[in-house]
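Residue numbers (my numbering), protein chains in the order written: chain L, 399 to 464; chain U, 5 to 210.
There could be a bad hint or two in this list.
Just a sample of chain L residues kept apart from chain U, beta carbon distances all over 10 angstroms, derived [as the list claims (entries may be wrong)]:
#1 P414
#2 E415
#3 L416
Partial selection, computed: residues in chain U whose CB lies under 10 angstroms from chain L [what the hints assert, rightly or not]:
#4 V33
#5 G145
#6 G163
It should be emphasised that the hints constitute simulated quantities derived from the structure, not laboratory data.
Yeah, the Cβ is synthetic: ideal placement off N, Cα and C, and Gly gets one too.
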Amino acid sequence: MIEQRAVDRANRTTPPELNEARLRQQAIGVKLRQMFDEVVNEPVPPDFLDILRRADESAEDAAEAE
Amino acid sequence: MKRASSSGPHPAGSAAAGGEREAFKRELVALIPHLRAFARTLTGDAASADDLAQDAMMKAWDARASYQMGTNMKAWTFMILRNQFYSEKRRSWRQTQLDPEVAERTLVATDDPESPVALDELRLGLAMLPAEQREALILVGAGGFAYEEAAEICGCAVGTVKSRVSRARRALQTLLETGAYERDGRPASEAMSSILADAQRLGSAR
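Just chain U, same shape as in the assembly:
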């Protein structure tokens, strides 16, 4: 709805609040893609991930008065999203680990011919990790958070995050190398070599 700006005198406080609201909104909008990605890794399916991301976005919006501009809004919104996910989960049937079959149907679907076997297998392997290991690895390994920030988001000690990340890395590597999951026909060791090949192709081996 459009409205002409009122000609009456504006209290200075409310004008400042409007500007702050605008700045908050801009920052929040910029974070939506990241919230969607984090939600996707928590829920394992795109539709409920977007529901979760929307809920978290609105929770953050409603709580904007308690957010201090200039602090880490990404970590703050990720914490809100994560809390939302676990409080919903407590009342529902969802298991800690994603159902591999569901994960395969939903996470694996991609039309990108450039990201074949390796990425699918990684998603599947990721889905088989305990939720706390998966989220720690995602936050640190993909989300770009420091261990300290990840610890704050997860509400646990820094050492706990470190050990979860390292256990997740080991477990994922084992899953990718030995294929400790049901997979029709293809030897799972292919997954690891294809991941290695892709990484080299991307030239990102630091």
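Here chain L stands alone, though its shape is the one from the complex:
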């Protein structure tokens, strides 16, 4: 019967389930970005920068030793 309803609806000019599906996918997309951005907006743990700074310093040393 669900299939029958879908067929009936599809026969009308604008299939509302298409709009509905699009709306749902957009909503999921919004949430997906929100979830990702939550982590992006977290402060970066200091050890990331420490490690990079140490590596940068030894690269500088190596460059100057040349």
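Using the hints, position chain U against chain L.
Same frame as chain L, but now just chain U:
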């Protein structure tokens, strides 16, 4: 360690290399938050995600000579991170799909009262997708990459990325609507309506 700049004559080449290294470092630092976010979606837990992101950052640093300034560093570092993840995974016990129970404990934890049911359910649904679908959807749907860039990062054809993204979208929607996962008591259809409501509240329905 601080040092006074040497008074001796600097070879022009090395000064230029130092400036380039500085520019590379600045760009890499700006990408750390994005690397952390991508790693989190791959591993599903914050601690090993940060290990992975750090490894990738250092791999990128060590390979800086092979990077051409001005090209897409974000895509380049994401590719490094992804390769790192899969080469580690090959030697370990990790499954393709995240364990939903682990995912629930680790991904779902949030103190933000503004992002309740919907986001938790989305994380859980995402965790249940096959890894290749999850990463494709994240890269395109959240990371802001074009299909072509995502294909390059994943080392596959553009058409493959497109079909993975569309399968992931369908699967995620089904999971959110029917709750095809274990969930104590709450009807999962709530998740979808709450996601819809939130999206409308954020006014982002284009």
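The hints, checked one at a time:
1. P414: Holds, because the least Cβ-Cβ distance between L:P414 and chain U comes to about 15 angstroms, which exceeds 10 angstroms.
2. E415: Since the minimum Cβ distance to chain U is about 12 angstroms, L:E415 lies beyond 10 angstroms and the statement holds.
3. L416: holds (14 angstroms)
4. V33: holds (7 angstroms)
5. G145: At about 5 angstroms, which falls below the 10 angstroms cut-off, the nearest Cβ of chain L leaves the hint on U:G145 intact, so it holds.
6. G163: violated (20 angstroms)
Hint 6 from the earlier list is the only one contradicted by this structure; the remaining hints agree with it.
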